[in-house]
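Number of protein chains: 2
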Amino acid sequence: MAKKLPKRSEDYSKWYNELVVRAGLAENSGVRGMMVIKPYGYAIWENMQAQLDRMFKETGHQNAYFPLLIPQSYFAKEAKHVEGFAKEAAVVTHYRLRTTADGKGIEVDPTAKLEEPLVIRPTSETIIWDTYRRWIQSYRDLPVLVNQWANVMRWEMRTRLFLRTAEFLWQEGHTAHETREEAIEEAERMIDVYARFARDWMAMPVIRGVKTPTERFAGAEETYTIEALMQDGKALQSGTSHFLGQNFAKAFDVKYLSREGKLEYVWATSWGVSTRLMGALVMTHSDDNGLVLPPRLAPIQTVIVPIYKTVEQRQAVDAKAREIETLLRNRGIRVKYDNDDKYKPGWKFNEYELRGVPLRIAIGPRDVENGTVELARRDTLSKEIVPVSGLDERVEKLLESIQHDLFQRAKDYRDAHITRADSFDEFQDILETKGGFVLAHWDGTAETEARIKELTKATIRCIPLDMDTCEEGRDMLTGKASGRRVLFAKAY
Amino acid sequence: MAKKLPKRSEDYSKWYNELVVRAGLAENSGVRGMMVIKPYGYAIWENMQAQLDRMFKETGHQNAYFPLLIPQSYFAKEAKHVEGFAKEAAVVTHYRLRTTADGKGIEVDPTAKLEEPLVIRPTSETIIWDTYRRWIQSYRDLPVLVNQWANVMRWEMRTRLFLRTAEFLWQEGHTAHETREEAIEEAERMIDVYARFARDWMAMPVIRGVKTPTERFAGAEETYTIEALMQDGKALQSGTSHFLGQNFAKAFDVKYLSREGKLEYVWATSWGVSTRLMGALVMTHSDDNGLVLPPRLAPIQTVIVPIYKTVEQRQAVDAKAREIETLLRNRGIRVKYDNDDKYKPGWKFNEYELRGVPLRIAIGPRDVENGTVELARRDTLSKEIVPVSGLDERVEKLLESIQHDLFQRAKDYRDAHITRADSFDEFQDILETKGGFVLAHWDGTAETEARIKELTKATIRCIPLDMDTCEEGRDMLTGKASGRRVLFAKAY
Chain A
48 MAKKLPKRSE DYSKWYNELV VRAGLAENSG VRGMMVIKPY GYAIWENMQA
98 QLDRMFKETG HQNAYFPLLI PQSYFAKEAK HVEGFAKEAA VVTHYRLRTT
148 ADGKGIEVDP TAKLEEPLVI RPTSETIIWD TYRRWIQSYR DLPVLVNQWA
198 NVMRWEMRTR LFLRTAEFLW QEGHTAHETR EEAIEEAERM IDVYARFARD
248 WMAMPVIRGV KTPTERFAGA EETYTIEALM QDGKALQSGT SHFLGQNFAK
298 AFDVKYLSRE GKLEYVWATS WGVSTRLMGA LVMTHSDDNG LVLPPRLAPI
348 QTVIVPIYKT VEQRQAVDAK AREIETLLRN RGIRVKYDND DKYKPGWKFN
398 EYELRGVPLR IAIGPRDVEN GTVELARRDT LSKEIVPVSG LDERVEKLLE
448 SIQHDLFQRA KDYRDAHITR ADSFDEFQDI LETKGGFVLA HWDGTAETEA
498 RIKELTKATI RCIPLDMDTC EEGRDMLTGK ASGRRVLFAK AY
Chain B
48 MAKKLPKRSE DYSKWYNELV VRAGLAENSG VRGMMVIKPY GYAIWENMQA
98 QLDRMFKETG HQNAYFPLLI PQSYFAKEAK HVEGFAKEAA VVTHYRLRTT
148 ADGKGIEVDP TAKLEEPLVI RPTSETIIWD TYRRWIQSYR DLPVLVNQWA
198 NVMRWEMRTR LFLRTAEFLW QEGHTAHETR EEAIEEAERM IDVYARFARD
248 WMAMPVIRGV KTPTERFAGA EETYTIEALM QDGKALQSGT SHFLGQNFAK
298 AFDVKYLSRE GKLEYVWATS WGVSTRLMGA LVMTHSDDNG LVLPPRLAPI
348 QTVIVPIYKT VEQRQAVDAK AREIETLLRN RGIRVKYDND DKYKPGWKFN
398 EYELRGVPLR IAIGPRDVEN GTVELARRDT LSKEIVPVSG LDERVEKLLE
448 SIQHDLFQRA KDYRDAHITR ADSFDEFQDI LETKGGFVLA HWDGTAETEA
498 RIKELTKATI RCIPLDMDTC EEGRDMLTGK ASGRRVLFAK AY
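Each protein sequence line maps, in turn, to chains A and B. Here my numbering runs 47 ahead of the position in the first sequence, where the first position is 1. Here my numbering runs 47 ahead of the position in the second sequence, where the first position is 1.
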């Protein structure tokens with residue numbers, strides 16, 4: 048029997064790391080800060096991708112692909128963007144290696160130096176707007192609604208699997224519009240798509256909001272965000288959508304001939320979610336026994352484990368198990384019949400619990416006689432004996448219930464962890480004892496925001512759009528007047 | 048009206064480049080040798096990916112993801128591999144940029160130099176086998192059947208859209224096995240998957256074969272290939288599958304405890320196809336009017352173009368067109384109703400011809416009265432008036448016919464361009480006048496192979512598996528004895 052996971056209550060961070068590795072989601076590679084996404088983890092990511100891609104296409108977007116490497120000079124074109132992104136980046140300076148003088152190793156060939164260094168994309172606004180200049184001449188060419196699935200790189204010093212890695216996978220939408228209003232509408236549409244995806248597929252409640260100027264994307268005029276709450280009381284920014292104004296159009300000289308015959312700069316948005324969502328998924332639902340996966344994203348929704356001792360028992364159980372497998376598959380359920388005899392049933396029970404398979408069906412000789420199976424739920428760890436007759440319909444409904452219950456449980460937890468604070472003492476106390484989101488007044492200045500962060504490590508996650516927080520009050524620290532509460536939390 | 052494409056007969060290369068750009072498949076970016084894959088081109092690639100991915104999963108493979116950057120020292124571990132891949136590669140040497148002294152630009156920060164340079168993967172055997180060492184301990188862990196969809200980079204000096212670009216997209220399968228036989232079986236299974244995909248989806252006939260030692264993948268013991276013939280008589284290597292022996296297991300020390308309790312090195316394969324297939328697709332079917340796409344890969348299988356003058360006509364035509372759109376969509380046909388009134392029907396006809404949409408339905412006021420439409424085939428450029436009644440079934444069957452006919456046409460061309468040569472004069476003559484594949488005797492030495500390449504630019508594409516070429520003969524150049532003919536061609 049494999050050793051148990053660390054408990055969440057004892058070391059949440061250690062629990063997370065061990066779980067991610069042992070459940071087969073990801074692991075560190077031999078390259079600093081870069082992870083290997085393992086097959087089981089990648090299968091969950093593929094399910095996420097498939098659904099997001101559908102939602103992007105339903106909202107009129109098409110996929111395309113832009114270069115991995117961006118000339119260094121492109122970053123210098125948008126003043127704020129360069130501050131935010133060009134600094135901690137992987138830089139390609141040479142294009143050849145050569146054998147060392149002793150003939151035993153290889154080394155960078157100093158004669159093969161690039162005239163201009165190339166940066167591995169940390170995000171693609173610059174290379175894409177350099178391309179859009181060629182695509183857009185007239186209002187007839189607008190809107191451009193393009194998305195890219197890609198790898199990106201940011202040279203992070205402290206990395207954690209899925210949450211913060213030097214290389215990660217993501218999608219980045221980049222759209223171009225005739226008017227300011229249309230671009231804002233697009234940015235809002237996409238943050239809504241993300242919120243719906245989090246709710247309906249990840250069973251993860253999120254709060255939609257806008258970022259303060261300090262927390263905005265480098266080069267954006269407005270950044271929309273969805274913020275989720277993890278089980279340890281810390282917030283996790285799970286997706287962002289940016290209204291970029293005309294900043295990139297001006298930096299890359301992208302103009303269009305308007306319906307009125309005038310030459311105008313194009314309006315832009317960009318929006319993205321990444322493999323960080325995998326971390327959010329793990330930390331929203333899982334428990335001390337392992338992963339808990341929402342059925343809609345689970346690579347295996349139901350596993351069937353046969354139990355037998357003799358050869359005769361094995362044959363009878365096997366026949367029945369295959370029948371059930373077919374029954375479930377015909378209902379469109381992702382089912383795995385695990386008849387691998389290298390492992391014992393007890394080992395398999397633990398393994399699928401660790402991997403978060405929503406439902407487990409165990410079937411033994413007595414079940415075959417009685418026309419029953421044992422059905423176990425991963426989320427509640429409850430078990431019951433049920434008849435084989437009608438099992439497919441039962442499983443289908445149960446999977447829907449689990450999806451619903453997981454969301455409700457996460458939402459109850461989240462709602463119980465949104466607390467109002469009216470003084471700075473109270474604010475600190477909540478952060479240190481209870482954790483979670485804190486709704487408090489803020490005077491609207493970057494100075495106060497920075498001071499609060501310095502004193503408490505909490506940041507303004509967003510000015511919420513999903514709750515009415517408008518009311519008169521006074522900033523916790525400065526006592527200056529404030530017209531609405533904003534949402535604070537410590538965050539990943 | 049846009050200007051016509053160059054004719055294939057006049058300048059095949061120019062025709063190809065202009066077609067790829069103007070049909071919306073891809074274009075050069077601002078970064079040397081790197082392309083932008085445009086939405087229409089990417090949609091075809093997505094259709095290819097979806098089908099290949101299904102075929103990989105049906106043969107038991109799972110997807111995963113490995114790091115983009117590989118430490119330079121990894122390449123030095125496999126002696127042949129380093130020769131083949133570590134040389135012309137993009138090398139990351141620094142991890143930070145800084146503002147220049149004048150405050151106006153940015154530059155590489157010399158203090159942020161990596162201890163060991165990192166290479167952007169040209170292929171992932173090294174990083175993956177470094178990972179497999181952690182995954183594989185016992186025969187219980189085998190086989191490992193993993194595929195990765197990724198971008199890779201090879202610093203090519205002369206690039207062409209899709210055919211040869213510094214960055215390209217591909218999939219790379221990497222499998223690990225207990226025995227030599229099992230690995231060979233896997234390598235052969237995957238070249239068969241590629242051949243089936245080419246035939247059934249791309250409507251592209253290919254010849255399966257094995258490469259000569261000179262043309263093998265760097266680090267392989269056997270390389271299987273599929274070779275296709277382009278319309279200009281040049282061959283295009285379209286996919287390869289490699290039996291890697293124990294070379295990478297030895298280089299990265301990957302051993303497993305066998306069923307007999309012995310510690311053994313693992314056996315390996317790798318296999319891949321890339322966005323190069325897009326170039327193959329274009330050059331197999333297209334004509335002087337533009338793209339010709341096989342229906343199974345076409346993003347739009349049928350386009351409906353309305354024709355009208357008055358408002359009343361427009362309403363009547365629009366109603367009928369929408370009805371037909373629904374009819375076709377319900378049959379699972381990818382249909383586009385183009386009612387954009389910014390463009391005239393004539394413009395649209397040209398545009399969809401250029402983009403290779405297999406079927407075009409035009410509908411005007413008289414068609415509405417008569418209950419007919421005009422149906423035009425892209426491949427034959429033929430048109431006919433057909434009744435709306437039964438149109439969905441007709442379109443469905445016609446799409447199947449087109450898929451079949453495209454394959455047959457390409458196969459007829461290919462078969463007519465496999466020529467036997469028995470003397471070197473004859474060989475040169477065929478290459479220079481007729482082109483295509485030439486079956487000729489070869490003495491089996493690398494020296495002769497190199498001389499033939501030097502004299503004619505033709506290479507041995509493969510020792511074919513799909514045709515019986517065993518017969519006694521003599522090498523064209525050296526006159527030495529040969530037991531079988533091999534397949535030569537000039538190639539992309």
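Just so you know, the hints here were simulated from the structure itself, not pulled from any lab data. Do not rely on the hints blindly, as some may be mistaken.
Identical chains share a label here; the pair holds if one copy fits it or two copies do between them.
[Said to hold, decoys possible] Quick list of in silico lysine-lysine cross-link-like pairs, DSS-like style, CA-CA up to 30 Å: (1) K297 with K151; (2) K444 with K104; (3) K104 with K395; (4) K309 with K124; (5) K127 with K160; (6) K151 with K302.
Which numbered hints are broken by the structure, listed smallest first? Failing hints: none at all.
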